[in-house]
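Student: One-letter residues, chain by chain:
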Amino acid sequence: MPKVKIDGLEFDAPEKWSVLEVARFLGLEIPTLCYNEGLSAWGGCRLCLVEIGTGDRTKLVTSCTYPAEEGLVVKTSSKRVVNARKMVLELLIAQCPTSRTLQDLAAKMGLKQVRFKPKWEKCIYCGLCVRMCEEQMMAKAIGFTNRGNKLKINTPFNKTSDECRRCGACMYICPVCTVRCEGANPKDVLCGRCENSLQPTCIDINDSYNCWMGLKGECGTCAKEKLTVK
Amino acid sequence: MQTKLVKNRKDSDKIVISISSGTCGQARGSLNLVEAFKKAIKGRENKISIKVTGCHGFCNAEPNVVIFPNEVFYSNLKPEDAAKIVEATLKGEIVNDLLYQENNKRFTHFNDIPFYKAQLRTLLGDNPLIDPVNIDDYLAQGGYKSLVKALKMEPGKIIEEIKRSGLRGRGGAGFPTGLKWEIVRKQKGDIKYIICNGDEGDPGAYMDRSILESNPHLVIEGMIIGAYAMGATEGWLYVRNEYPLAVKNLLVALNQTRKQGLLGNNILNSRFNFDIKMAKGAGAFVCGEETALIASIEDKRGMPKQRPPFPAQQGLFGKPTNINNVETWADVTRIIDKGADWFAGIGTKTSKGTKIFSLVGKIKNSGLVEVPMGITLDKIVFDIGGGAQSGKEVKAIQNGGPSGGCIPKELFNLPVDYESLTSAGAIMGSGGMIVMDENTCMVDTAKYFTNFLQSESCGKCVTCREGTQRMYEILNNITEGNGQEEDLTLLEDLGKVVKEVSLCGLGQTAPNPLLSTLRYFKDEYLAHIKEKKCPAGVCKALIRYTISVETCTGCGLCKKNCPQDAIEGEKKKLHVIEEDKCIKCGICFDVCKSNAVNKITGKEGVLCLK
Ligand SMILES: Cc1cc2nc3c(=O)[nH]c(=O)nc-3n(C[C@H](O)[C@H](O)[C@H](O)COP(=O)(O)O)c2cc1C
Chain R
1 MPKVKIDGLE FDAPEKWSVL EVARFLGLEI PTLCYNEGLS AWGGCRLCLV
51 EIGTGDRTKL VTSCTYPAEE GLVVKTSSKR VVNARKMVLE LLIAQCPTSR
101 TLQDLAAKMG LKQVRFKPKW EKCIYCGLCV RMCEEQMMAK AIGFTNRGNK
151 LKINTPFNKT SDECRRCGAC MYICPVCTVR CEGANPKDVL CGRCENSLQP
201 TCIDINDSYN CWMGLKGECG TCAKEKLTVK
Chain V
231 MQTKLVKNRK DSDKIVISIS SGTCGQARGS LNLVEAFKKA IKGRENKISI
281 KVTGCHGFCN AEPNVVIFPN EVFYSNLKPE DAAKIVEATL KGEIVNDLLY
331 QENNKRFTHF NDIPFYKAQL RTLLGDNPLI DPVNIDDYLA QGGYKSLVKA
381 LKMEPGKIIE EIKRSGLRGR GGAGFPTGLK WEIVRKQKGD IKYIICNGDE
431 GDPGAYMDRS ILESNPHLVI EGMIIGAYAM GATEGWLYVR NEYPLAVKNL
481 LVALNQTRKQ GLLGNNILNS RFNFDIKMAK GAGAFVCGEE TALIASIEDK
531 RGMPKQRPPF PAQQGLFGKP TNINNVETWA DVTRIIDKGA DWFAGIGTKT
581 SKGTKIFSLV GKIKNSGLVE VPMGITLDKI VFDIGGGAQS GKEVKAIQNG
631 GPSGGCIPKE LFNLPVDYES LTSAGAIMGS GGMIVMDENT CMVDTAKYFT
681 NFLQSESCGK CVTCREGTQR MYEILNNITE GNGQEEDLTL LEDLGKVVKE
731 VSLCGLGQTA PNPLLSTLRY FKDEYLAHIK EKKCPAGVCK ALIRYTISVE
781 TCTGCGLCKK NCPQDAIEGE KKKLHVIEED KCIKCGICFD VCKSNAVNKI
831 TGKEGVLCLK
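Protein chains in written order, with the working numbering: chain R, 1 to 230; chain V, 231 to 840.
Mixed in with the good hints there might be a few duds.
What the hints assert, rightly or not - To give an idea of the interface, some chain R residues facing chain V are shown, with a C-beta separation under 7 angstroms as derived from the structure:
| id | residue |
| --- | --- |
| 1 | GLY27 |
| 2 | LEU28 |
| 3 | ARG46 |
| 4 | LEU60 |
| 5 | VAL82 |
| 6 | ALA84 |
| 7 | MET87 |
| 8 | GLN95 |
| 9 | GLY148 |
Hints in this document: simulated from the structure, not taken from any laboratory. Idealized CB from N, CA, C, for every residue including glycine.
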């Protein structure tokens with residue numbers, strides 16, 4: 001069993017565990033977006049960054065892909081990590097401000113500004129749907145097409161796919177298209193509602209599965225509502 | 231065995247006209263020249279022969295020939311020159327006015343020409359002596375001698391030799407080759423692969439193409455040696471499909487190698503089995519990245535994978551795989567032949583041997599240059615390259631491909647090695663070197679490369695995909711005169727994060743053009759932002775053309791050439807540009823004989839550099 005040290009905690013990690021798995025097991029919080037336990041690790045969203053190494057020889061790696069190897073020293077929330085994550089999130093939220101998942105993360109991570117022009121796109125290319133379709137539904141009906149600024153997730157040749165069984169798993173797993181956040185004022189890109197209302201926010205109390213309204217917290221105003229009802 | 235291989239020594243008193251005919255030569259008409267020479271030597275084939283070779287490296291002098299054994303060099307030839315050259319050569323004379331000329335001096339011999347003189351052509355040197363589709367030519371130069379030698383060595387000894395030579399990968403990152411080989415050798419399992427990376431996706435770079443086209447056996451030999459040393463059973467040559475001549479010559483070479491018993495089962499009776507397959511890339515820059523390249527060979531989408539695991543542990547089809555650049559493989563052949571000490575004797579403490587650069591851009595002598603590591607940029611740009619094109623000043627170079635960095639001329643005393651280039655904000659990259667003169671706008675340059683990268687990013691990781699798009703967006707804003715000073719801080723913050731957070735080398739180097747120009751040419755950025763001025767006169771939104779009242783002769787040339795009919799004026803009278811029609815193409819500026827058209831920039835209308 002490889003011995004790792006993560007935020008000062010020593011731990012004998014089971015073989016083939018990733019740093020993320022170790023961290024979660026120990027109850028350390030690392031934000032993720034393109035990660036899902038049932039799917040292969042992808043390393044695309046870069047939110048699960050951690051800092052590894054010691055002294056001045058440290059670097060940032062994605063914890064979902066990095067193996068917990070013997071002697072590894074990990075910091076999950078150093079200043080360098082937090083700053084980098086914020087920039088990553090700033091890029092994501094500018095791309096797709098209507099994602100509640102992203103808005104919640106922004107509120108939680110204390111992202112205060114978005115300096116890029118909002119694109120109002122409907123996809124952040126995290127690839128969850130592609131992996132879901134291939135690895136769990138065994139359909140391989142969708143995939144990435146093109147690259148760079150022309151990247152899309154699509155069926156082959158943009159035609160209705162015979163492989164697709166309309167199972168909807170792609171939509172189910174999408175962090176953007178199913179749970180929309182319309183926020184207080186979407187023009188400002190950052191909704192900030194959860195954070196601006198009373199602490200703790202709904203995100204800390206409720207997750208998508210146990211929202212008191214049964215609405216999966218779409219409104220983003222759980223904390224406030226809760227107080228008024230009581 | 232060795233004697234069998236070197237049976238074909240050339241008979242040296244025969245005159246051979248070697249015609250440079252790589253892709254570049256052919257584009258400049260070398261095939262017509264070949265026909266003309268064939269006609270000219272008719273009936274005298276016993277005394278004089280021609281050899282159609284790959285590239286000789288001197289682009290500016292294409293099409294050119296070298297005549298052996300005296301190594302006389304004729305440049306920029308036309309088909310009609312062939313007969314003249316043949317007649318003179320047979321008489322032992324030289325055609326003076328076809329010799330290469332530089333600074334009013336004519337040069338007779340190939341090796342006296344400044345472009346070639348300061349080079350050390352250990353890899354490219356044989357190109358003029360080799361017809362790439364004829365293995366005998368390669369054998370005559372001592373080809374496959376290294377393989378014979380290697381097969382008699384312990385595999386571990388070969389790796390030791392490569393380690394001792396100090397060879398580092400020529401594909402960009404400069405990882406020590408011997409070390410990589412050792413890791414692969416130590417992996418368990420019967421099946422291991424080696425790959426030659428000939429993707430070469432950098433625009434303006436053609437080092438690898440030239441080696442593959444002109445001397446394919448040099449690379450194949452290196453691969454066989456490496457396979458033997460690492461215990462690999464199968465090799466892959468990955469070449470982009472846009473290199474048809476390289477693909478063709480390699481396929482011919484592979485067949486010849488098999489026929490000679492140098493590939494296949496029981497190579498040269500050593501009981502070592504190995505063969506090489508070829509995969510053609512579809513021309514995506516990112517497919518040069520090793521994990522994306524492997525995916526591409528596996529018929530998957532060319533998207534990089536997060537390492538670890540490294541290809542050496544889990545590469546092609548999940549097996550241990552060693553991947554090296556074309557030039558690295560070629561170096562291997564030379565190292566085994568001449569020894570690690572010879573190689574380690576060239577270069578600096580950390581960077582050994584030679585490196586090939588494609589020297590292009592606003593430079594007099596463009597072409598492929600092979601130089602010892604540690605040579606200064608000054609020597610490459612001025613001694614070999616001859617400096618900027620007429621009358622201009624060199625301002626900077628951009629080194630290392632699209633994701634390389636710009637180095638200003640003040641730093642041209644920098645030695646060319648991996649560490650120095652990196653510390654200056656550039657990278658060795660695969661060796662593209664683009665020279666820029668005073669008419670180049672550095673903000674525009676950064677924007678140009680960032681644009682390339684934003685469309686070549688595979689899109690898998692956020693920082694590279696969104697980061698390059700945002701950098702481009704902001705840079706574009708600045709060149710259009712809509713930049714703010716805060717943009718520079720944002721660019722710097724963003725660039726740093728993209729560099730340290732991105733998944734593969736593409737994103738990790740993508741901010742280089744931006745960050746290096748910001749580091750050395752911040753004044754140009756500020757001029758664009760604060761004064762709405764493009765000092766080099768490149769960014770169209772910030773320049774205007776006017777005609778000077780004093781100097782205009784009313785010749786009408788500008789009016790005649792203007793594609794927009796934006797110039798008014800009667801003959802012999804002052805002409806005027808109508809600004810709302812003008813698209814700033816600059817044709818009037820270029821055609822005016824009396825220098826009356828001015829390019830101005832900025833709020834208060836300053837003249838741009840001519
Ligand atoms: C975006 C990108 C493009 C690359 N393109 C090439 C290429 O065209 N040729 C090449 O040999 N290496 C290229 N590389 C480097 C390869 O990933 C790899 O490091 C190299 O082939 C290893 O060989 P070497 O050790 O001999 O340099 C590229 C890397 C990146 C990140």
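Student: Tell me the numbers of any earlier hints that the structure contravenes, in ascending order.
Tutor: Numbers 1, 2 and 5, in rising order.
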